[in-house]
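Using the hints, position chain B against chain A.
Chains as they are written, first to last, in the working numbering: chain A, 14 to 269; chain B, 403 to 680.
Accuracy of the hints is not assured; some may be wrong.
As the list claims (entries may be wrong) - Simulated coverage check for chain A against chain B, where a stretch passes if three residues somewhere in it have a Cβ under 8 Å from a Cβ of chain B: (1) 193-207; (2) 212-224; (3) 261-268.
No lab work stands behind these hints: they were computed from the structure.
All of these numbers come straight from a predicted model, not from anything done at the bench.
Cβ coordinates follow ideal geometry from the N, Cα and C atoms, glycine included.
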Amino acid sequence: MSALLSVRDLVVEYPSPCGRVRAVDGLSLEINRGETLALVGESGCGKTSLGRAIVRLVRPTAGEIRFDGTDLLALSGEPLRRMRRRAQVVFQDPKASLDPRMSAGRIIREGIDIHHLATGAEADARVGRLLGEVGLSRSDAGRLPHEFSGGERQRIAIARALAVEPEFLVLDEAVSALDVIVRAQILGLLAALQAERALTYLFIAHDLSVVERIATRVAVMQRGRIVECAPTRQIFDAPAVAYTQSLLAAIPRVPW
Amino acid sequence: MTSLLSVDALRIDAPNDVPGDAASDVRNGTRRTILHDISFDMAAGETVGIVGESGSGKTSLALALMGLLPHGLRATGRVTFEGRDLLTLDDRTRRDLRGRRMAMVFQEPFTALNPRQRVGAQVAEMATAHGQRDGRRARLDAMAMLERVGLAEPEDRAQRYPHQLSGGERQRVLLAMALLLAPVLLIADEPTSALDVTVQAQVLEVLRDCQRERGMALLLVSHDLGVVAGTCHRTIVLHEGRIVENAATREIFTAPRHPQAAALVAAVPRTGPPGTRA
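This is chain A alone, in the form it adopts within the complex (with noise of 0.2 Å):
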């Protein structure tokens, strides 16, 4: 089993009025190729950050991140472009993450003109495959974001992060904005392109329920630091920390 991505005493801050925030706190974790790790905790536990972190939306205080063996935080320029697309993020909100200007067909097709992945008709094609990959049809290619439902959009989302052929992907919070039978279908939509693509998930969440069916392993993260990380059965049968606990406690009980 090897580490597609290793983290090792990661500090992120920012700074605020009273002095610098901490909001992951020396962290360390190690993602397998292949897995879905689900990184679970409540707001303003630092999972955000560190998701950002990982794909360099945000630059660490300290420690350090390897992906596929290549530490990331030295790349600049050119190497950090091309490494740029192999990890890719959704994020929670699909209506502010998707230019509202832009047809579902050119937020796709973007990420393929950026990385010279393909030109013209071979462009275009690959968008279409995209779009029928993630359940929408050919023909949406042209509407604009407002003109999709929730679901839909998140759709769009995943696709555009697909377009470049990433082997990994961070989803934040990608599914909690859904209603239940929504966060349902992209849940599997998820799990299905991972098996086809071999794709490696961290899988961003407040609630624990959400993750149990595609998690391969849960990392519990509090105050900017993980307090539990093992396997999701372990986790759902035989949680360790308090914290944890805690957790599955508030997942709402139905008694039938």
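Then chain B, alone, in the frame of chain A:
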């Protein structure tokens, strides 16, 4: 059993070019009638869940009951609350009922609060706006209610502005405003969807406790049957603007009749602390 609230053949239509998110389906030309032939009754002190996927019309239903439908949407039918038809009330009577007899909490507490006013004053204003002349009395009542809904350090929090509170704290403030005048009906529209699961559990507990203590009727709107299950005895399932199921919550879980109800049941994660798994 006399009804507290009786909805009879309620229908909501959207004429062309209706603004606002509530009518996005309509704008896209997929649906012009948001709710069709909605009829149900609620007894005093009863807890009823309204469940359905996005766009099923559940928020429009809640807003119609409160008389808060976006401009341009037209409600027809009859909504009788304490013997009065809400749809034909004049604004003045409706304003008087709202807050005093029926109240509502919304999904996003941030947008429901005034960003430029301290939250303690906003809660107290609920009392003064409804005729409490004694400002000191209003403030004391507001503080007591903030404490009742479990706001930690209420004296300190009351002095803050909405942006200085967490999402869970803001939702407790809204709950305090809604409960301050002891309404007989509380409509809660996705009150916990924007909150962490741990905070969601706390807010639902406050809601349940207050409902029980006061014998208040509660209409809880959610896309998640799991949230409704522990709180509501009866659940109404909405699908494409129609009621497809109206039964005891337990019955919906154990023997859903409509496919949409079955899909909602299937989407509820059946997890919980070890040993309680279904």
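Stated coverage of the region 193-207 of chain A by chain B [criterion: 3+ residues, CB within 8 Å]: Since 5 is at least three, the answer is holds.
Stated coverage of the region 261-268 of chain A by chain B [criterion: 3+ residues, CB within 8 Å]: With 8 residues close enough to chain B, the hint holds.
Within 8 Å of chain B's CB atoms, at least three CB atoms from the region 212-224 of chain A: coverage verdict: That given contact holds, which follows from 5 residues of the region 212-224 of chain A lying within Cβ reach (below 8 Å) of chain B.
This entry satisfies every hint, going by the numbered hints stated previously.
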